[in-house]
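Protein chains in written order, with UniProt numbering: chain A, 1 to 697; chain B, 1 to 697.
Don't read these hints as lab results, they were simulated from the structure.
Some hints could be false.
Since the list gives no way to pick out one identical chain from another, each pair is judged satisfied if it fits inside one copy or across any two copies.
[Claimed, not checked] In silico BS3-like cross-links for lysine-lysine, where the CA-CA straight-line distance does not exceed 30 Å: (1) 421 <-> 212; (2) 212 <-> 284; (3) 648 <-> 284; (4) 648 <-> 168; (5) 33 <-> 367; (6) 171 <-> 648; (7) 525 <-> 171; (8) 421 <-> 247; (9) 619 <-> 421; (10) 360 <-> 118; (11) 247 <-> 107; (12) 284 <-> 107; (13) 120 <-> 360; (14) 114 <-> 212; (15) 247 <-> 539; (16) 525 <-> 648.
There are 2 protein chains.
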Amino acid sequence: GSDADNDLYINQAVVFIEDAIQYRSINHRVDSKSLWLYRRYYSRTCQWILSLTITIILALAFIEEPSSLTVTSDVRYRPPAWNPPCGLTESVELLCFLVFVADVSVKSYLIGWKEFWKNKWLMAYILTLIVSLTDWIVSLSFFCTESLRIRRILRPFFLLQNSSMMKKTLKSINSTLPEMASVVLLLAVHLSLFTMFAMLLFARTKDNQQDKEWMVYFRNLPDSLTSLLVLLTTANNPDVMIPAYSKNRAYSIFFILFTVLGNLFLMNLLTAIIYNQFRGYLLKSVQSSLFRRRLGIRAAFEVLSSLKEIPANAQQPYVSAGALQQVLQKVEMDSRCKQAIMRSLKMCSCDQLSAAQFQKLFEELDKDAIKQHPPSPEYQSHFMQKLQFVFGHPYFGYLGNVVALANIISICVVLVMDADKQPSERDDFFLGTINCFFILYYLLEMLLKILAMGLRRYLSYPSNRFDGLLTVILLILEIATFAVYGFPHPGWRPEFMGLLSLWDMVRLVNMLIVFRFLRIIPNMKFMALVVTTLLDLVKNLRAFAGILVVVFYAFAITGIMLFKGAVVPLGNTSVGPTSSWNIGPTTLMTLLITFQGKMCFHGALLHLLSVNLICRWAKIYFVAWWLISSVIWVNLFVALLLENFIHKWDRRCHRASLSDIEYQRTVELMFRDVLEEPTEEELMEKLHQHPHLQLCR
Amino acid sequence: GSDADNDLYINQAVVFIEDAIQYRSINHRVDSKSLWLYRRYYSRTCQWILSLTITIILALAFIEEPSSLTVTSDVRYRPPAWNPPCGLTESVELLCFLVFVADVSVKSYLIGWKEFWKNKWLMAYILTLIVSLTDWIVSLSFFCTESLRIRRILRPFFLLQNSSMMKKTLKSINSTLPEMASVVLLLAVHLSLFTMFAMLLFARTKDNQQDKEWMVYFRNLPDSLTSLLVLLTTANNPDVMIPAYSKNRAYSIFFILFTVLGNLFLMNLLTAIIYNQFRGYLLKSVQSSLFRRRLGIRAAFEVLSSLKEIPANAQQPYVSAGALQQVLQKVEMDSRCKQAIMRSLKMCSCDQLSAAQFQKLFEELDKDAIKQHPPSPEYQSHFMQKLQFVFGHPYFGYLGNVVALANIISICVVLVMDADKQPSERDDFFLGTINCFFILYYLLEMLLKILAMGLRRYLSYPSNRFDGLLTVILLILEIATFAVYGFPHPGWRPEFMGLLSLWDMVRLVNMLIVFRFLRIIPNMKFMALVVTTLLDLVKNLRAFAGILVVVFYAFAITGIMLFKGAVVPLGNTSVGPTSSWNIGPTTLMTLLITFQGKMCFHGALLHLLSVNLICRWAKIYFVAWWLISSVIWVNLFVALLLENFIHKWDRRCHRASLSDIEYQRTVELMFRDVLEEPTEEELMEKLHQHPHLQLCR
């Protein structure tokens with residue numbers, strides 16, 4: 001019937017507008033039942049359950065058999081980790097798999113059979129599930145004694161496929177790969193030619209005293225390759241050249257040439273290439289988001305314009321304001337936006353909306369939420385007004401900064417004085433007293449500011465919230481200290497009592513004070529710019545970080561499986577600072593942390609084990625990790641940072657006058673000036689290609 | 001008289017055109033005598049003498065007293081360096097100073113008194129000379145026994161002031177300093193806050209077993225600062241966190257936070273800032289060069305237009321073709337350009353040249369020299385034509401590459417097989433034989449190519465010159481080997497004979513073969529692009545490299561003076577691989593090479609000497625060097641590389657069709673499409689501001 005049709009159209013419009021808000025594709029089934037399922041599927045609860053499942057299945061690695069979740073990383077002192085009985089983690093896994101099966105079925109159903117075949121991600125999802133379930137069955141049939149578990153390496157895929165941003169980024173990285181591969185090839189050629197040169201240059205001589213270089217670094221082809229590869233990461237520089245250099249200074253020319261060509265030219269060329277390929281990435285991604293939004297709104301307009309209440313012979317399609325209101329009631333969206341749209345709909349006071357008017361109404365979605373701080377209280381008394389003026393003045397804030405600085409300096413002085421003292425010689429009286437006074441000042445500052453600004457206005461500034469929270473915590477800690485240990489007096493050196501010793505309490509207070517000092521950041525213009533850039537970057541970086549997590553997880557699991565039991569306690573040798581085998585500046589640290597005890601990269605151990613097969617694997621494994629994380633990922637990060645920063649810096653002048661208003665910046669807003677609005681033709685062409693929606697016209 | 005005036009005008013025009021060609025400023029005296037002096041001063045001989053003087057005064061450091069110009073760097077085995085007698089280096093120095101005094105007087109005279117006061121570089125030059133001469137007198141009056149020689153640190157200034165490109169770059173770097181300083185300040189804040197945190201976190205505890213972290217890395221404020229600063233350079237990562245990490249894995253959070261914030265964010269932010277500030281640098285510098293060129297030409301036009309032979313009442317100023325020809329005869333310039341200008345002047349066949357026509361004539365200067373290869377010889381015989389077709393075909397070149405690759409692989413195989421053999425067990429027969437055959441093939445290839453292309457065409461390709469030269473050297477080496485050691489036969493292992501042993505000869509041949517393999521580069525498209533980018537970069541980088549040399553020289557001299565005799569032979573401890581004190585990836589290596597024996601950064605020595613005052617200085621010295629070279633210079637380099645590469649990459653598509661023609665690329669040509677021509681008004685305004693030239697109109 002017509003009413004049912006109308007209901008369907010309304011529902012379609014609701015879903016399309018929700019798609020537009022969330023930047024989702026509108027290419028899904030649009031019949032009543034599918035729409036109901038679609039809204040359920042994208043409801044907060046369902047998505048939350050899905051995210052929880054992904055988290056759980058990823059977290060399983062921490063308690064599964066070769067895990068290293070212990071306090072100490074020292075293999076000698078570490079108690080044996082808890083091994084869950086066979087079937088426990090497996091049943092949790094099965095539950096997760098069932099959720100994923102449901103997820104993939106709903107998703108496949110919703111996009112329809114024809115679209116399914118085009119969607120490689122969905123097919124890979126199904127394949128991953130099949131492999132995982134098969135592996136799970138094999139695992140159970142061996143009663144969990146099998147050593148190879150493929151499904152554990154596949155787990156991060158579930159995280160990857162659930163984020164459209166990550167998929168988009170991966171596509172983008174994929175398109176950069178050919179150029180990157182060229183430079184990596186160039187690096188490989190560079191490395192191999194220099195390796196051959198090195199082997200010819202530092203060959204074995206008859207005099208055993210003279211060929212230290214050959215003995216340690218260039219004994220054979222794999223050793224030479226490793227030495228130079230590690231030199232490329234600058235980790236064994238200058239150790240690697242010292243023996244040759246002591247013999248003859250001219251040998252250093254070889255190492256300088258290698259480092260300058262490899263490290264200065266080729267490595268930075270990689271940065272240049274990645275930046276060049278990535279320059280348009282953010283803009284393109286934001287542009288496609290905008291297109292999805294406009295398309296969703298347009299689709300809603302088109303279905304609403306086919307509502308039966310309107311004469312079909314009208315020249316131009318239009319939508320009645322009543323229908324739109326009906327739709328808006330049903331749409332789930334930010335209440336501020338909804339109200340703003342309702343308001344402009346009323347103000348427009350037109351019954352019929354054209355396509356352009358319809359789009360214009362929804363432009364509210366693209367606008368910044370300009371945050372307005374609540375007003376200060378208005379005091380009647382003249383004295384109170386004066387107080388308000390004094391303590392609401394920026395100079396009072398600056399005074400607070402100066403006091404915080406003084407506190408930091410006093411802590412620093414005490415630290416320097418106490419640095420070499422035995423714990424039993426330390427006198428906590430001085431620090432205890434001054435901290436007490438400083439904390440009292442902080443409390444007073446907070447109260448006076450609240451008095452001047454009113455509680456709501458005070459809390460509306462993030463810097464005040466940060467400040468106030470720390471002040472309250474400091475106060476509680478201080479009160480607790482006095483309650484347990486009494487007031488400070490000379491020679492105040494009580495023994496351990498309660499949960500924390502006095503010394504620990506004082507340390508904690510000091511750390512919080514150091515942390516509180518960060519409140520100065522918004523007061524320094526350049527620092528504020530840098531910090532907002534970094535915060536923006538963190539937002540844009542989530543997809544990148546996600547991909548790094550995916551790769552890292554796969555690597556960690558592979559590493560755990562490869563090197564299980566490779567490090568056995570060997571008396572004292574297995575512990576102590578790892579020496580120069582430090583591939584890849586920051587990233588190895590991360591890998592290091594996860595399975596510190598499970599690897600043979602300890603300087604001492606490396607030489608012991610280098611003849612073993614396992615360390616060959618370790619080398620390849622580390623080189624792969626270094627290439628992916630340190631070379632590619634870090635360069636991608638630099639590219640993103642350059643793009644963000646340059647964009648922001650260019651806009652700094654424009655914004656200078658508006659600096660008082662805090663913008664809720666998003667990537668979409670950052671690029672608003674450069675984005676192109678999609679044309680009517682593009683939108684309609686895309687709409688006509690919709691696999692499930694038959695438009696009347 | 002009028003003739004004398006005319007001569008003066010002609011001479012002025014000649015000098016202005018020479019200024020335009022060399023991109024020099026035209027703001028110098030323009031009377032007859034000054035012009036004569038000016039042309040003498042900028043003549044090749046004078047400039048060559050000046051460069052030689054600068055080289056000599058800089059090179060003095062290698063033979064002056066605390067020098068380290070010995071073959072070995074090992075303080076134990078090193079023979080005492082040769083000490084020149086007092087007065088030898090000093091008299092060379094005096095000669096150099098006299099040349100500089102002459103230089104500065106001529107320069108000051110030529111730009112005139114009024115301009116002199118505006119020129120800070122000239123004043124600094126004079127000041128440097130005064131200080132140096134005073135120091136020289138002090139030195140002689142002490143009979144060379146004084147320890148502090150300021151003039152040695154000032155020496156690189158002479159290099160700096162002689163290069164306009166370097167001065168320009170320095171100005172550019174100077175304008176970037178405020179932003180860089182902000183980030184460095186941010187880094188300092190980051191470092192100091194984390195140091196305080198670390199000192200609170202890793203404080204001394206009662207249990208001596210537990211505070212390894214405190215003992216080694218965070219004993220007091222300077223130690224903590226150093227540990228974290230070195231962590232920022234990733235040199236002591238992960239060593240620094242191992243003790244704390246073994247105690248409790250949670251401590252790693254501190255180190256990860258520090259590294260991610262400092263190394264990933266702040267350090268890369270520095271790259272972004274420097275790139276952002278430097279983006280326009282190349283373009284701006286090329287633009288100002290273009291302005292100087294146009295200005296010189298215009299000035300020549302203006303003085304020529306005031307020649308008496310032309311009626312003064314003419315509406316538009318113009319220049320007679322005869323006068324221009326007269327000027328061109330006298331101008332020293334590239335003969336190809338001169339001929340081209342003469343030719344267009346004749347083709348134009350107009351007696352009077354307007355300003356626009358005059359400028360147009362000299363546009364020849366801006367054009368690429370398109371290199372045309374001489375034609376191949378034309379053979380009469382049908383057989384020879386066929387031969388020419390076969391061996392002139394690119395496929396013959398590819399075959400040569402394949403053969404070179406096969407040679408490389410065979411050397412590699414032999415190297416792998418011989419890697420662990422004693423020198424006495426090695427059999428050089430196999431390698432000797434195959435190398436002999438390969439070299440014969442190379443010779444044949446060269447001869448056939450010469451046959452097909454003709455000698456002149458063959459030599460006009462740089463890749464052929466490279467190839468041919470190496471082939472000839474290889475041939476000579478091979479013949480020498482056979483002459484000394486006879487033909488190879490199984491068990492061919494002769495003893496040492498003549499200048500080099502057989503084994504050294506074979507090694508040298510192999511190295512040359514590996515080097516010859518680089519001929520494949522132009523055949524691979526991407527590699528060729530990368531290599532030409534790098535070569536372009538090297539051209540643009542000369543100014544940067546010069547500044548690095550200046551800074552490095554000053555640092556090296558300071559270091560030699562500060563740490564003279566700091567490293568004394570201590571049995572075995574002073575030698576052996578330096579351990580983790582590896583500040584700054586590539587640059588320390590450079591510093592290291594220069595005065596390896598004079599520093600206390602050896603891992604073992606660092607701990608021995610860390611209580612001494614000298615190592616405090618060493619720390620500050622190294623941190624300064626690290627900041628300047630590794631942080632600032634490397635980032636400038638990356639900025640330049642990004643700019644060069646992105647520009648080149650964008651133009652790749654345009655040039656693809658023209659790839660057969662080899663361009664003599666210069667920075668000026670690279671930016672030609674984007675450069676703005678200066679307007680007539682700008683030129684005339686600048687000309688009227690000329691301090692010495694009075695224009696009639």
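Going down the list of hints, with the structure as the test:
1. 421 <-> 212: Between copies only: 16 Å across, 45 Å inside.
2. 212 <-> 284: Neither. Shortest intra-copy (55 Å) and inter-copy (52 Å) distances fail the 30 Å Cα cut-off.
3. 648 <-> 284: Answer is both: 17 Å inside a copy and 23 Å across each meet the 30 Å cutoff.
4. 648 <-> 168: Answer is both; intra-copy 23 Å and inter-copy 28 Å each pass.
5. 33 <-> 367: neither (34 Å within a copy, 72 Å between copies)
6. 171 <-> 648: both (25 Å within a copy, 25 Å between copies)
7. 525 <-> 171: between (37 Å within a copy, 25 Å between copies)
8. 421 <-> 247: between (46 Å within a copy, 22 Å between copies)
9. 619 <-> 421: between (45 Å within a copy, 25 Å between copies)
10. 360 <-> 118: neither (34 Å within a copy, 60 Å between copies)
11. 247 <-> 107: Neither. Shortest intra-copy (69 Å) and inter-copy (47 Å) distances fail the 30 Å Cα cut-off.
12. 284 <-> 107: For residue 284 and residue 107, the Cα distance is within 30 Å only inside one copy (26 Å; across copies 55 Å).
13. 120 <-> 360: For residue 120 and residue 360, the Cα distance exceeds 30 Å both inside one copy (36 Å) and across copies (60 Å).
14. 114 <-> 212: So residue 114 and residue 212 fail the 30 Å test inside a copy (68 Å) and across (65 Å) alike.
15. 247 <-> 539: Classified as neither; 53 Å inside a copy, 34 Å across copies.
16. 525 <-> 648: The answer is within: 14 Å in one copy meets 30 Å, while 36 Å across copies does not.
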